[in-house]
Structure formats: C-alpha cells, structure tokens
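Here are the chains, one letter per residue:
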Amino acid sequence: MAPRYAPSLRSRLGPLLLFLQTGFILIYAFYFEIQDNVVVDEAIFRDAYAEFQDVNVMVVLGFGFLCTFLVRHGFSSSGFNLLVAAVATQWALVLIGLESWYDRGKIPLDLRSVLVAEMCAASALISMGAVMGKANPVQLVLLALLEVSGFVLNERLLQGLLKVRPLKGIMLLHIFGAFFGLTLTWILYRKGSEGGFEKEKFDKKSGLFSMLGSVFLWMFWPTFNSVLVDDRFPGRKLGAVYSTYLALAVSAVTAASVSVLSCPRGKLNLIQMQSCILAGGVAVGVSMSAVHQPWEAMAIGFAAAVLSATGFKYLKSHMLLAFHCHDTAAILSTHGLPGLLGWFAHLILQIKDCGDHTVAIRFAVFHICTLLVTITVSLTMGTLTGFLLRLNVWRPPQNRKCFDDQAFWEFPHLAVRK
Amino acid sequence: MAPRYAPSLRSRLGPLLLFLQTGFILIYAFYFEIQDNVVVDEAIFRDAYAEFQDVNVMVVLGFGFLCTFLVRHGFSSSGFNLLVAAVATQWALVLIGLESWYDRGKIPLDLRSVLVAEMCAASALISMGAVMGKANPVQLVLLALLEVSGFVLNERLLQGLLKVRPLKGIMLLHIFGAFFGLTLTWILYRKGSEGGFEKEKFDKKSGLFSMLGSVFLWMFWPTFNSVLVDDRFPGRKLGAVYSTYLALAVSAVTAASVSVLSCPRGKLNLIQMQSCILAGGVAVGVSMSAVHQPWEAMAIGFAAAVLSATGFKYLKSHMLLAFHCHDTAAILSTHGLPGLLGWFAHLILQIKDCGDHTVAIRFAVFHICTLLVTITVSLTMGTLTGFLLRLNVWRPPQNRKCFDDQAFWEFPHLAVRK
Amino acid sequence: MAPRYAPSLRSRLGPLLLFLQTGFILIYAFYFEIQDNVVVDEAIFRDAYAEFQDVNVMVVLGFGFLCTFLVRHGFSSSGFNLLVAAVATQWALVLIGLESWYDRGKIPLDLRSVLVAEMCAASALISMGAVMGKANPVQLVLLALLEVSGFVLNERLLQGLLKVRPLKGIMLLHIFGAFFGLTLTWILYRKGSEGGFEKEKFDKKSGLFSMLGSVFLWMFWPTFNSVLVDDRFPGRKLGAVYSTYLALAVSAVTAASVSVLSCPRGKLNLIQMQSCILAGGVAVGVSMSAVHQPWEAMAIGFAAAVLSATGFKYLKSHMLLAFHCHDTAAILSTHGLPGLLGWFAHLILQIKDCGDHTVAIRFAVFHICTLLVTITVSLTMGTLTGFLLRLNVWRPPQNRKCFDDQAFWEFPHLAVRK
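Protein chains in written order, with the numbering used here: chain A, 7 to 424; chain B, 7 to 424; chain C, 7 to 424.
Rather than coming from a laboratory, the hints here were simulated on the basis of the structure.
One thing to keep in mind: the hints can contain errors.
Note that identical chains are pooled: a pair holds if it fits in a single copy or bridges any two copies.
Claimed, not checked - In the BS3-like style, the derived pairs of lysine-lysine whose C-alpha atoms are separated by at most 30 Å in a straight line are:
1. Lys169 to Lys197
2. Lys169 to Lys358
3. Lys112 to Lys358
4. Lys319 to Lys210
5. Lys322 to Lys210
6. Lys174 to Lys358
7. Lys205 to Lys322
8. Lys207 to Lys197
9. Lys322 to Lys174
10. Lys169 to Lys205
11. Lys112 to Lys169
12. Lys207 to Lys358
13. Lys207 to Lys322
14. Lys112 to Lys322
15. Lys112 to Lys210
16. Lys207 to Lys112
17. Lys197 to Lys322
18. Lys207 to Lys319
19. Lys197 to Lys319
The whole structure should be built from the sequences, with the hints applied where relevant.
Quick look at the structure:
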C-alpha cells in the first residue's frame with residue numbers, strides 16, 4: 007500500500023537551497039562588483055528602475071498568481087513561484103555575466119543585467135507552468151537552474167552563430183519556455199493520470215486570485231515588450247508600447263468571443279480567457295521589430311487569441327490523451343502557439359517589406375534557422391532535465407498528493423494553535 | 007413556467023464581439039497611423055507612459071475588482087470589466103480621432119489619446135456599476151459603446167458651445183457616468199426586485215477582493231486627477247497631486263466616522279467605506295482648477311465623504327423603493343453626489359476669488375450651463391440606451407439568475423474534469 | 007455573565023475621528039501652504055511622484071494586506087490599516103512641519119514631506135501589527151498618534167543630540183516600531199490568552215491575501231530603502247536598489263530553507279515565509295550606508311532571514327508563554343531582529359572600513375548611542391501608550407471577540423437585504 011503522506015522534503019529542499027544560496031553568495035563575493043566610479047544619470051536611473059519594477063511585478067506577482075486558479079494549490083503556486091524566481095534570477099545574473107568575467111575577471115552589476123536576468127527567470131516560470139502541481143519544489147528549483155542555463159546558452163548560440171540581436175533573442179523566451187516545459191511534462195508523465203488529477207480543480211475565489219495575476223500581466227505587458235528596445239529610439243519604444251497595448255485589447259475581446267462560441271451552452275470559461283487575453287502580448291513581443299502599423303498589431307492579436315483560445319479548448323485534452331502530455335497551465339496555447347504565430351507574422355511582415363527577392367529569401371532562411379536552433383536547444387535541454395527530474399531521489403509527490411498544498415505546507419487547520 | 011437556465015448568449019455575444027473587433031481592425035487599418043517622423047523625447051515618453059500605466063491600473067484592476075464584493079458575481083465583475091474596457095477604449099480612440107480624420111484624413115495614435123480614451127472608458131465603467139449583475143455582457147458592451155459616444159459628444163458640445171477646456175470637460179465623467187447609469191437602471195427596472203435580488207450578497211472573501219480594487223483606486227487617484235494637467239505647469243500638477251491625496255486621506259477618516267455613527271450598533275460597513283473613501287478624489291477632481299490651498303481640498307474631501315456616506319446609507323434603499331431605481335454599486339453616492347459637490351465647490355471657490363461681480367456672475371452662468379449641458383446629454387443618451395437595452399432580443403438573464411456567475415460562466419464544479 | 011456582543015464603538019470612534027479630522031483641517035487651514043512661486047522641475051516632480059506612489063502602495067496595500075492572514079479579521083486588517091495610515095500621515099505632516107512653523111510661521115507642503123510622513127505612518131503600522139486583533143479601532147488610532155509623536159521626537163533627539171543624518175534616523179523605524187509595539191502588547195496582555203485566541207487562525211484563501219500584501223512589500227522594498235538617498239548621488243541610490251533587491255532574493259530562498267529544515271515533517275510554513283522574505287529588506291535598510299558590495303547585502307539578507315525564521319519558529323511562542331507578550335504579526339522577528347542585525351552589520355562594516363582605531367571607536371560609541379536613544383524613547387513611549395490604552399474607557403473587545411470582524415463590522419449574512 008502506498009504511504010499516506012507525501013514524502014518529507016526536509017533532507018532534500020533545505021540542504022539544496024542552503025547550498026545554492028551559500029554558493030551564490032560566494033560567487034558574488036569573488037566575481038561581482040558595483041561600479042562606483044560610473045557616473046549614473048538620474049533620469050536614466052529612474053527610467054531603468056521604473057521598467058525594472060514593472061517587470062519585477064510581472065514576474066513575482068503576475069506569474070505567481072496566474073496559477074493560483076488551482077483550488078488546493080494556491081500557496082504552492084505563489085510561494086514556489088517566488089522561490090524559483092529568486093533562485094533563477096541570481097543564477098541568470100551569473101550566467102549573463104560570464105562573458106564579462108572572461109574578459110575582465112569581474113562581473114559588473116547594473117539594472118539592465120538584473121532586468122535581463124528577470125526575463126530569463128520568466129522563461130523558467132513559463133516552463134514551470136507545465137509541471138505545476140505535479141513536481142515538488144526541489145524539482146522546480148532544478149528545473150529553473152537548467153532551463154535558465156539552456157536559455158542563456160541558446161542566446162549565446164543565436165548571437166554567436168546567427169548574429170541575432172539580443173532583443174530578438176530574448177523575446178523567443180515564450181517559445182523556448184513552452185517547448186522546454188512541454189518536453190519535460192511529457193517525460194514526467196505519470197501513469198494513471200489520463201483522467202486528470204483528483205485535486206486539479208478551481209473554484210470561485212481561486213479563479214479571482216488567478217484573475218488578479220493575469221490582469222497584472224495584461225496591464226504591464228507593454229513594458230515587458232518595450233523594455234529592451236534601445237533607449238536611443240524612444241519612437242520605437244513608443245511603437246512597441248502601442249502595438250502591445252492594442253494587441254492585448256484585441257486579444258481580450260477576441261478571447262471572449264471565441265470562448266463563448268466554442269461552448270455549446272454559450273458560456274465563457276474564465277481560465278481559458280485568462281490564458282488567451284495574453285496571447286496578443288506574446289505574439290507581438292516575438293514579432294515586434296517588424297510591426298509598424300497599429301492594425302498589424304491588432305491583426306496579430308486577433309489571430310493569436312483565436313489560435314490560443316481554440317488551442318486551449320481542443321488541444322489541451324488532446325495532448326493529454328494522445329500524447330500523454332499533461333500541461334497544467336496550458337503553456338502550449340498561452341505561450342507556445344502565440345509565440346510561433348508571432349514568429350510567423352514577423353517572417354511575413356518582413357518579407358512583405360523587402361523589395362528584393364534575394365534579401366527576402368536570405369531573411370527567411372535566417373529567421374527559420376533562429377527558430378530551429380531555439381527549438382532544438384529547448385527540446386534537448388528539456389529532455390535532459392526531464393530524465394534528471396524523473397529520478398526518485400527527488401521524492402516527487404504521489405498522484406494522490408498532486409495539486410495539493412498539504413503535501414508541502416504546514417496546513418492551516420492543523421497549525422492553528424501551537 | 008420560466009426556463010431553468012439563463013438564456014445562452016452564444017448566438018449574440020460571439021458574433022457581436024467578432025463583428026466589433028473586425029470592424030475596429032478595419033477602421034484602424036484605414037485611418038490610423040503612427041507618426042514615425044515625430045521626434046519623441048525620452049523623458050516625455052517615460053512620464054506619459056508612467057501616467058498611462060497608473061490610469062490603466064485604475065481602469066482594469068481598480069474598477070474591475072471594485073464590484074467583486076458580489077459574492078457570486080466575481081468572475082463577471084472582473085471579466086466583463088476587462089472586456090468592456092477593451093471595447094470602450096478602442097471605440098473611444100476612434101471617436102476622439104474624428105476631428106483629426108476630418109482635418110487630415112488620418113488619425114495619429116499617441117499615448118495621450120490612448121490615455122484620454124481610457125478615461126472615456128472609465129466613464130462607461132462607472133455607468134456599468136449601476137446595472138452590474140442585472141445585465142448580460144451583450145448589454146454591457148452596447149452600453150459602453152453608447153455611453154462613450156455620448157460622453158465624447160458631450161465633450162465636443164462643451165468645447166464647441168461653451169469653450170470649456172478639455173481637462174475640465176473630461177473631469178465631468180463622474181457626473182456624466184453616474185446620471186447615465188442611473189437613468190439606464192431606472193428604465194431597466196425589473197418587476198419583482200423591490201426586495202432586492204436573491205443572490206445580491208457579499209461575504210468575507212469577496213469583501214476583501216473589492217477592498218483590493220478600491221484600495222488601488224484610492225492609491226492611484228492622484229494620478230487620475232493630475233494626469234491631464236498641462237505638463238508645462240508642473241507646479242499645478244503637483245498641486246493636483248497634493249489636493250487629491252489629502253482629500254482622499256480625509257475621506258477615508260470621515261467615511262469611517264460617518265459609517266460608525268450612522269449604524270445603531272456602532273459598526274462599520276465595509277462596502278459603504280469602499281465607496282466613500284473615494285468621494286474626496288471624485289470631488290477634488292471636478293473642482294481641481296479652483297483648489298489652491300490644502301485645507302480647501304481637505305474640506306471638500308470631508309464634505310464629499312459625509313455626503314457620500316449618508317447617501318449610501320439612506321438614499322440607496324430610498325431610490326429603490328421610491329423611484330424603482332436599483333443601483334448595484336451605489337454610483338449615485340460614489341460618483342454622482344461627490345461629483346455634484348465638486349462642481350458646487352468649484353463655483354463657490356471661483357466666485358470667492360473673483361474681485362468683480364460681473365466676472366463672478368458670468369462665471370456662474372457659464373459653470374451652470376456646463377452642468378446643464380452635461381446632465382441633459384447624459385439623461386438623453388441614458389434614456390435612449392435604456393430603451394435599446396430593454397429589448398428582449400439581447401436575452402437578459404431572469405431575475406433568479408441575476409448576480410449569478412453561473413448564468414455566464416462555465417462553472418467550476420461542473421467543469422472540473424473533461 | 008459577560009455580555010454576548012462586543013461593546014458598541016458608536017460613542018467613541020465616531021466623535022474621535024470627527025474631532026481629529028476637523029482639528030487637522032483647521033491646523034492645515036491656518037498653518038500649511040503650498041508654495042506656488044517655487045519653480046518645480048518636471049523631471050524632479052515625476053521622480054518624486056513615482057517614489058511616493060511606490061511607498062504609498064507599500065503602506066496602504068502592502069501593510070494592509072499583510073495581516074489579512076487572520077481568517078476572520080480580513081476587513082479589520084485592511085480597513086483599519088487604511089484608517090490608521092490616513093490619520094497617522096496627516097498627523098506626521100504636522101509634526102514634521104513644526105520646525106518650519108517655528109521658523110517661518112508656515113509649513114510648506116511638498117512631496118518629500120508627504121513621503122517622510124508616510125514612512126512615519128509605516129512605523130505606526132509596524133507597531134499596530136503586534137496588537138492587531140486585540141485592540142479596537144479607537145485604540146489603534148490613539149496608538150498611531152502616540153507612536154508617530156514618539157518617532158518624530160526620536161528623530162529630533164537623534165538629530166539634535168547626535169547629529170544623526172535624517173536618512174539613517176528614519177531607517178530606524180523598524181527597530182522603533184517593533185519595540186514600541188512589543189512593549190504595548192506586553193502591557194495590554196490579556197489574562198486567559200496563554201493558549202492563544204479562539205479565532206486567531208488562518209486558512210487557504212486568507213493566506214493568499216496576505217501573500218499578496220507581502221509580495222507587494224517584497225517588490226517595492228527597493229524603493230522604500232532608496233527613496234531617501236540624496237538625489238544628487240544617483241549612484242548611491244542605485245546601490246541601495248541593488249543591495250535591497252539582492253538581500254530580498256537571498257531572504258526568500260533562505261527563509262524557505264530554514265522553514266523546511268525547522269519543521270519535523272519537512273513542510274513549509276506560509277506565514278513564516280511571508281515574514282521572513284522581508285527580513286533582508288529590513289536589515290539592509292538599516293545598514294544601507296555601509297553596504298558597498300553585492301555580497302555584503304546578500305550575506306546580511308542571509309543572516310537576517312535565518313534569524314527571522316528561527317525567531318518566528320521558536321521565539322514567538324516563547325515570548326507568549328514566558329513573557330506574556332502576544333505578538334500577532336510577529337513583528338519581533340519580522341522587523342525587530344532583522345533591524346537589530348542590520349544595525350550590528352552597519353557597525354561591523356563601518357569599523358572594518360575604518361583605517362584608524364580612534365575613528366572606529368568613536369563611530370562605535372556614536373552608533374551604540376543612536377540605538378540606545380531609539381530604544382529608550384521607543385520603550386518609554388510604548389509604556390505610556392500601553393497604560394493609556396489599558397483604560398476601559400476605550401471599550402476593548404472581550405477575549406472571545408478578539409480577531410473577529412463581527413465585533414466591528416456589519417456582517418455580511420446579516421446585512422444582505424435591507
């Protein structure tokens with residue numbers, strides 16, 4: 007008979023986190039520096055700080071509360087998100103700084119690198135969405151470390167091999183994170199979960215908490231897409247803000263429309279809407295540098311929301327039944343499909359703008375290579391991570407304890423009076 | 007016997023939203039442009055963007071969660087708010103741009119116009135508060151389209167006939183929205199709802215969600231009032247921020263005081279407080295250009311909170327019983343009365359500052375005309391909208407299904423496992 | 007037999023708030039002025055306003071929702087927090103302006119003074135955490151008035167006697183607030199509460215609400231620590247931001263680690279984590295001017311989280327049983343201990359940097375005096391306040407009504423239909 011309680015993580019999580027954290031402090035002590043002598047312009051500081059805060063809110067609050075729709079999994083969704091974000095950001099700062107370290111022996115710390123590190127952490131949080139509820143925090147922390155490593159590696163490859171600009175490379179985080187997460191959850195598939203998990207439900211209040219998370223993502227997505235656009239071109243930055251805002255607004259309306267049309271009783275689905283209102287932001291983020299007119303952004307937002315809402319409705323259960331791929335937060339339809347659509351829109355728009363056939367074909371080859379490299383690295387790292395996380399040594403929760411806060415948290419009723 | 011289920015909206019909401027969204031994309035494709043050649047100053051962009059974000063947070067999160075106090079209506083309150091805001095903003099952008107279109111054939115898109123469009127959307131969201139829970143999303147979307155049209159029309163009339171400055175005109179959104187909403191709910195009055203609706207309740211957790219919304223409105227209201235003050239006078243902008251902040255702080259204290267005094271058992275009422283802490287912001291917003299000293303703002307905040315709290319306590323049920331006007335979110339006492347008070351305070355303060363009798367009388371006439379025009383347009387449009395929305399073709403929910411998420415949303419328990 | 011209902015506050019709270027609010031309006035009318043003739047730079051206004059907003063969010067939303075983990079006390083935690091913040095800020099503005107009033111007869115109002123006033127209010131909110139649930143709003147308002155007076159007095163003493171810089175003085179708010187609150191709750195100890203209170207519990211949803219509050223504090227803490235750093239040194243401001251961010255990230259990881267290690271069944275404790283993820287921010291805030299390297303901030307964050315988590319686990323119940331000191335929100339381990347640790351870290355770091363023994367000893371004496379003065383004023387004011395609040399004239403709730411919203415709020419079920 008299976009044990010009644012979820013396995014204790016005391017001997018795994020505690021030491022792992024202590025080891026990681028001590029390690030980080032040592033690395034930072036020896037290799038990081040704050041450049042005191044750099045003259046910081048007050049205005050630049052303020053701008054960078056405001057943008058950093060917006061992204062911080064999205065990463066910690068937005069992603070953190072997006073998965074709280076799982077009724078018995080709210081503590082884990084928000085708490086593990088914070089934990090993983092804190093670990094992943096520190097690790098990403100190290101990886102991003104490797105080049106400076108190689109050149110100068112020291113890694114300078116500045117707001118822009120913290121911001122890029124947060125975006126790398128975001129890609130790990132996207133992947134986490136696929137296994138949320140089925141993995142314990144030890145597995146999630148390892149996932150984050152490996153995903154961030156893979157993502158930064160992908161960045162380097164794209165920049166080294168294909169001369170892809172950093173901005174464009176980072177915006178592929180949706181595609182990278184989604185495929186990484188899907189591979190992972192496919193490998194970690196649990197027998198006996200074909201019919202879904204006993205505790206994978208949502209209710210009124212948990213639906214509102216996740217509404218909060220998704221609304222925060224929706225509101226600050228224009229910053230997310232515009233933040234890495236070069237400050238020397240505020241016009242382009244502004245364009246990124248408009249495009250993202252309009253695409254998000256269109257997505258919200260379209261998502262509601264598709265949701266009500268695809269339900270036989272003509273009702274809306276809140277979780278579906280929460281995923282799909284963000285589709286426009288994802289798609290425009292990936293295609294941004296080719297979007298020049300408002301209607302292009304709107305059309306992309308429209309297509310992304312239709313694709314995302316349809317994917318959520320029909321693909322999610324199909325993936326589970328046909329491919330044994332259980333995708334908790336529907337990252338395929340939230341990030342994967344809109345990301346691919348954005349990539350495709352970028353291709354079309356750029357080719358349309360090219361006068362010359364040769365240039366167009368060259369761009370297409372380059373653009374396809376970018377995607378292929380990203381997907382290859384993503385699938386490879388996902389597979390590796392999957393096999394590592396399958397080991398029983400990490401003590402994953404039993405099927406019955408999946409999606410249950412009680413497996414990891416001292417529980418309210420029992421912890422009332424000491 | 008009445009049908010057991012709320013009527014399906016599949017054949018109404020889906021096509022309506024698809025039609026609107028496709029229409030908007032076409033309009034934007036043909037008539038909107040982003041001016042690439044305009045030199046954008048980085049600092050101006052940043053400032054405008056930060057203000058836009060604050061207003062965006064108020065519109066999407068603040069108004070969205072303000073009505074989640076209805077215990078079975080949280081999904082609808084927050085979800086429909088997002089939907090309506092997205093539709094109304096896109097529509098308002100078109101209406102605001104009509105003048106440019108007439109002059110130059112193209113409508114330029116800039117952050118300021120998006121911001122003004124969001125404020126027009128806010129006036130629609132205020133009106134929506136009065137019918138929340140009793141109207142279906144089809145009706146709410148139509149309401150938003152008509153309300154925004156009316157509001158922009160009112161703007162044009164005030165500017166054309168009376169040379170009212172845009173800032174002052176827009177700040178009348180509270181009065182316009184409140185009277186529009188009240189007319190509407192009066193016309194849409196449902197027989198058999200004298201005793202209130204079966205599911206119109208709040209509970210602990212839903213009270214906290216709406217607390218969240220009202221706290222966000224409270225915190226960002228200084229931006230809402232100062233955002234349209236001309237950037238060339240940062241001193242005046244600063245004054246608007248102080249005045250609003252102080253008025254809000256005074257409102258919060260006064261609302262608690264009146265709430266406890268007006269309850270026989272000496273208890274506070276959370277929903278009453280949530281409405282009334284915002285009264286100071288509304289009143290100061292309307293009277294802003296005449297407020298020069300901190301104490302004036304504080305006194306206005308005090309009077310507004312007293313009026314609003316008393317109105318909430320005694321007027322709300324009176325309106326229902328005597329006038330058959332059911333005001334879900336108490337927009338009369340939250341926006342209507344404080345708005346009128348602000349208008350009156352503006353009159354008094356301006357007259358006090360006038361040395362000359364003639365000037366004072368001229369101002370009074372002008373000021374009264376402004377109000378009369380606004381109320382006339384508001385009542386007229388509200389009546390028109392009311393008669394349109396009464397048509398059974400929109401399939402409003404039955405009385406028993408009012409204030410019930412189950413009428414519009416796939417419900418958690420039933421949607422657990424697919 | 008004890009009465010069944012909590013005593014009505016109608017005759018206490020209403021008049022008190024009315025009196026205070028009228029008094030404030032009169033004081034502001036006679037002594038406050040907005041300096042119209044000052045030329046305000048647009049950029050400076052924007053920066054100051056953004057920082058003010060961040061602090062405002064922390065004070066109103068962060069602190070307000072941090073204590074909503076008490077399952078039957080959510081309305082009170084968030085509502086009274088707003089009320090007390092509004093009263094305390096107005097009062098702090100008066101006290102901070104006394105010097106200007108003495109010099110010039112008028113108190114100028116500017117964003118910086120509002121900001122400092124909000125921080126004084128924050129120190130009152132910290133103290134409030136210790137008595138939350140056991141005191142009625144009348145007592146909380148009095149507490150706030152006296153705590154803010156004590157805190158401003160302490161500021162003046164430190165500046166007058168020891169020439170402590172304002173920034174450093176204000177950052178002692180954590181230590182001041184914690185000791186004030188602890189003294190108070192020790193004096194207000196209620197017989198029969200050794201075993202805890204009947205209604206002092208948390209549940210899933212209330213845990214998520216307080217998660218929201220603590221996440222907001224976590225996200226905006228870098229602003230809180232950097233806001234008072236002189237604008238002329240943006241480099242130092244940036245350093246404060248990095249240091250705080252890194253310390254908070256380290257705290258989050260460390261808190262999880264200590265939490266899981268200190269639980270026999272290897273589970274995490276959400277409330278413990280919510281307190282301890284903030285420890286790094288507190289400690290770095292107090293020691294900021296001596297922190298120059300990233301690893302120093304991280305090490306301080308690590309130590310603070312270990313101390314805080316251990317304190318939460320073992321000290322909280324020990325304080326109750328051994329010292330009869332019931333600390334609702336664990337302010338000792340959230341603010342007190344990390345604050346002291348930060349003070350100590352400041353001492354060590356500063357001495358390490360001193361080349362000269364004499365300078366080091368002089369600094370140590372000065373630093374110790376600063377702490378002694380702060381603790382002395384804090385304990386004295388706490389004692390005075392405690393004896394004042396013990397009076398039965400304020401009608402504190404009975405033990406059975408502690409931690410119960412029903413004592414102060416018109417209750418949902420009963421207030422459904424009028």
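Right, here's what the structure says about each hint:
1. Lys169 to Lys197: neither (44 Å within a copy, 69 Å between copies)
2. Lys169 to Lys358: Only inside one copy: Lys169 and Lys358 sit 22 Å apart there, 47 Å across copies, limit 30 Å.
3. Lys112 to Lys358: Between. Shortest inter-copy distance 23 Å satisfies the 30 Å Cα cut-off; intra-copy 45 Å does not.
4. Lys319 to Lys210: both (20 Å within a copy, 29 Å between copies)
5. Lys322 to Lys210: both (22 Å within a copy, 28 Å between copies)
6. Lys174 to Lys358: Only inside one copy: Lys174 and Lys358 sit 19 Å apart there, 46 Å across copies, limit 30 Å.
7. Lys205 to Lys322: within (18 Å within a copy, 34 Å between copies)
8. Lys207 to Lys197: within (19 Å within a copy, 38 Å between copies)
9. Lys322 to Lys174: For Lys322 and Lys174, the Cα distance is within 30 Å only inside one copy (28 Å; across copies 51 Å).
10. Lys169 to Lys205: neither (47 Å within a copy, 60 Å between copies)
11. Lys112 to Lys169: This pair counts as within: shortest intra-copy Cα distance 25 Å, inter-copy 38 Å.
12. Lys207 to Lys358: neither (46 Å within a copy, 56 Å between copies)
13. Lys207 to Lys322: Within. Shortest intra-copy distance 15 Å satisfies the 30 Å Cα cut-off; inter-copy 36 Å does not.
14. Lys112 to Lys322: neither (46 Å within a copy, 43 Å between copies)
15. Lys112 to Lys210: So Lys112 and Lys210 fail the 30 Å test inside a copy (51 Å) and across (45 Å) alike.
16. Lys207 to Lys112: neither (49 Å within a copy, 49 Å between copies)
17. Lys197 to Lys322: within (18 Å within a copy, 44 Å between copies)
18. Lys207 to Lys319: Classified as within: same-chain Cα gap 16 Å, cross-chain 32 Å, threshold 30 Å.
19. Lys197 to Lys319: within (23 Å within a copy, 39 Å between copies)
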